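J.: These are the residues of each chain, in order.
Number of protein chains: 2
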Amino acid sequence: MDRSALDLTQDAARLTAQLVDFPSPSGSEKELADAVESALRALPHLTVDRHGNNVVARTNLGRAERIILAGHIDTVPIADNVPSRLDDDGILWGCGTTDMKSGVAVQLRIAQTVTEPNRDLTFVFYDNEEVAAHLNGLGHVADAHPDWLEGDFAILLEGTEGLVEGGCQGTLRVILKTKGERAHSARAWMGHNAIHAAAPILAKLAAYAPRRPVVDGLEFHEGLNAVRIEGGVATNVIPDACAVTVNFRYAPDRTMAEAEQFVRDFFADCAIEEFVVDDHTGGARPGLTHPAAAAFLAAVGGEPRPKFGWTDVSRFSALGVPAVNYGPGNPIYAHKVDERVDTAIVLETEKRLAAWLTS
Amino acid sequence: MDRSALDLTQDAARLTAQLVDFPSPSGSEKELADAVESALRALPHLTVDRHGNNVVARTNLGRAERIILAGHIDTVPIADNVPSRLDDDGILWGCGTTDMKSGVAVQLRIAQTVTEPNRDLTFVFYDNEEVAAHLNGLGHVADAHPDWLEGDFAILLEGTEGLVEGGCQGTLRVILKTKGERAHSARAWMGHNAIHAAAPILAKLAAYAPRRPVVDGLEFHEGLNAVRIEGGVATNVIPDACAVTVNFRYAPDRTMAEAEQFVRDFFADCAIEEFVVDDHTGGARPGLTHPAAAAFLAAVGGEPRPKFGWTDVSRFSALGVPAVNYGPGNPIYAHKVDERVDTAIVLETEKRLAAWLTS
Chain G
1 MDRSALDLTQ DAARLTAQLV DFPSPSGSEK ELADAVESAL RALPHLTVDR
51 HGNNVVARTN LGRAERIILA GHIDTVPIAD NVPSRLDDDG ILWGCGTTDM
101 KSGVAVQLRI AQTVTEPNRD LTFVFYDNEE VAAHLNGLGH VADAHPDWLE
151 GDFAILLEGT EGLVEGGCQG TLRVILKTKG ERAHSARAWM GHNAIHAAAP
201 ILAKLAAYAP RRPVVDGLEF HEGLNAVRIE GGVATNVIPD ACAVTVNFRY
251 APDRTMAEAE QFVRDFFADC AIEEFVVDDH TGGARPGLTH PAAAAFLAAV
301 GGEPRPKFGW TDVSRFSALG VPAVNYGPGN PIYAHKVDER VDTAIVLETE
351 KRLAAWLTS
Chain R
1 MDRSALDLTQ DAARLTAQLV DFPSPSGSEK ELADAVESAL RALPHLTVDR
51 HGNNVVARTN LGRAERIILA GHIDTVPIAD NVPSRLDDDG ILWGCGTTDM
101 KSGVAVQLRI AQTVTEPNRD LTFVFYDNEE VAAHLNGLGH VADAHPDWLE
151 GDFAILLEGT EGLVEGGCQG TLRVILKTKG ERAHSARAWM GHNAIHAAAP
201 ILAKLAAYAP RRPVVDGLEF HEGLNAVRIE GGVATNVIPD ACAVTVNFRY
251 APDRTMAEAE QFVRDFFADC AIEEFVVDDH TGGARPGLTH PAAAAFLAAV
301 GGEPRPKFGW TDVSRFSALG VPAVNYGPGN PIYAHKVDER VDTAIVLETE
351 KRLAAWLTS
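Chains as they are written, first to last, in UniProt numbering: chain G, 1 to 359; chain R, 1 to 359.
Don't read these hints as lab results, they were simulated from the structure.
Being a predicted model, the structure only gives us computed values, none of them experimental.
Among the hints, erroneous ones may be present.
Same chains, same names: a pair is fine if it fits in one copy or spans any two.
In silico DSS-like pairs for lysine-lysine, Cα to Cα no more than 25 Å straight-line [claimed, not checked]:
| hint | residue 1 | residue 2 |
| --- | --- | --- |
| 1 | Lys204 | Lys336 |
| 2 | Lys30 | Lys179 |
| 3 | Lys30 | Lys204 |
| 4 | Lys30 | Lys351 |
| 5 | Lys336 | Lys179 |
| 6 | Lys351 | Lys204 |
| 7 | Lys336 | Lys351 |
| 8 | Lys177 | Lys336 |
| 9 | Lys177 | Lys351 |
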């Protein structure tokens, strides 16, 4: 790992590599936040604030509009895929290349190079996006300093392969618990098997057909999946408990309450002993009809797409700031051992954003 | 805990309490084996041998028949149920009361009191019965010193509530693994969910109807149960692996090969990626028609029953020694937090065995 000072004079592709080689899995972002803060404080056209490991920098030029460029600095756990490696085709491999240090590199490059933007700029770098919603740094800033997040339009640089993605799906995590009664497995009929009692839950999940609704012109794609299952006491004991953790990713035409009700109804006949809502964050409608969003879209070009993954666009949406995703990463490779980013798209994203903010 | 010397002059009920208060979960039997060995070496009518934490004591009177009295000295893990507690109804509560320190107490009392038995006696005390078959102390003695286990008839003092139980069921443990492909749970359709792939396994288990065959006049009762299930990578990742551990308890009219084939056939259409045989020990037919068994049965009385749980009767059976289960414990309470034994049955078992061996 390389924890030297960030060099914002190198291009966004090289800066991405430096950021990837500076490990920052969720919960361990402090050193990277320090480095980001130091690099930004060296730029005289910005004012810099910090809350925990979240860093916010702003221009104060009195422009008619203020644009927010936001990105998280944490990654999922490293899977033997750091340091980064650039191959002959210009593909940069490593943890966080796509999700989302390439986006953070573009933010830092705009901060470095666009010293007199045509719109005021707010740069937000935050921690703990890859873990439970209540830990999310953007949420903490929104609670403690909502004025830092005021703006007319927000661009979240989560990976979209350089296309504009509108809205985001909501994500609900529930734990479905079944109950049984222990007995020696030699006399199974004296007990009741809680793992067998989970059979209807898995059968319903296996038979689930995802809805693909069109919302504000964009087609979303829902998903309902078991992400964990646990049960068992000992190899000769009929288990008295089993827990299935289910993640529901839902289109932004459902409210949070509607999403939870859907899941409750879906498993209603499964004899669930306990239904625990473990984590829940709502989605955001695309909002591409907002004037600021439309202007951005016209400037950077391309057909907008829906965003399947939950992103913090939803948090800006809740603050009343229209927001889109627009970043160089390719979400297909997020959270994978073979995570990678095309450096040509990293450079192209930097170029288009800079052009829009200086034209 | 009380690790003082064993007092074999107290009655079998009090001795059971002393043994329960001397903790010996599987893997931690050494101190109890030491105490048993010391107590037996103090008895001049016995010769004593030891192999690991297994103790074997014998009379050498040149009698026409040799009877083996066997019991394991280990217990399942203690569940805040030691020391023992005797209630006003004569019920002794605590870990190992039923399985099977009450049986061990009866063995030790026969060793102490029946100094001139009408049949030669072999007492076997062994370790690691409650864990994987390859650790079983009786198996280790059978491998290293088969001559120590020679005899005409064996009585295993596993809990039967003072009735004679013939034969035992076999037990096979397999791990059924399903395979998937990881993906971010926001784009579940890019992966394949290994937990959902386990749905047919649980559905078959939930629908399983046990066979209850009559073997040598006794009705057995089979069982097929998931005893553990594990799957999941992270709460936002489609899991690529899931494992269901299944325990098949089968009647002794099936061979080991037939039992394994039954399980393979049962799950044949479940798209199992890997089928692992984790542990397997065969059953034993009742064998109550053998003359030595019949004589014992006539002496102690009562209707014989089938033994559902796997016991080491099967190991004696494999050595060519007919064997039955006959012990004071109640198998319903084995491995339970509220494990207990009726001390009246402990005393009655001691009395009947002593009468048969001295009449």
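J.: Could you work out which earlier hints the structure fails to respect and list their numbers in ascending sequence?
T.: Of the numbered hints, 1, 2, 3, 4, 6, 7 and 9 do not hold.
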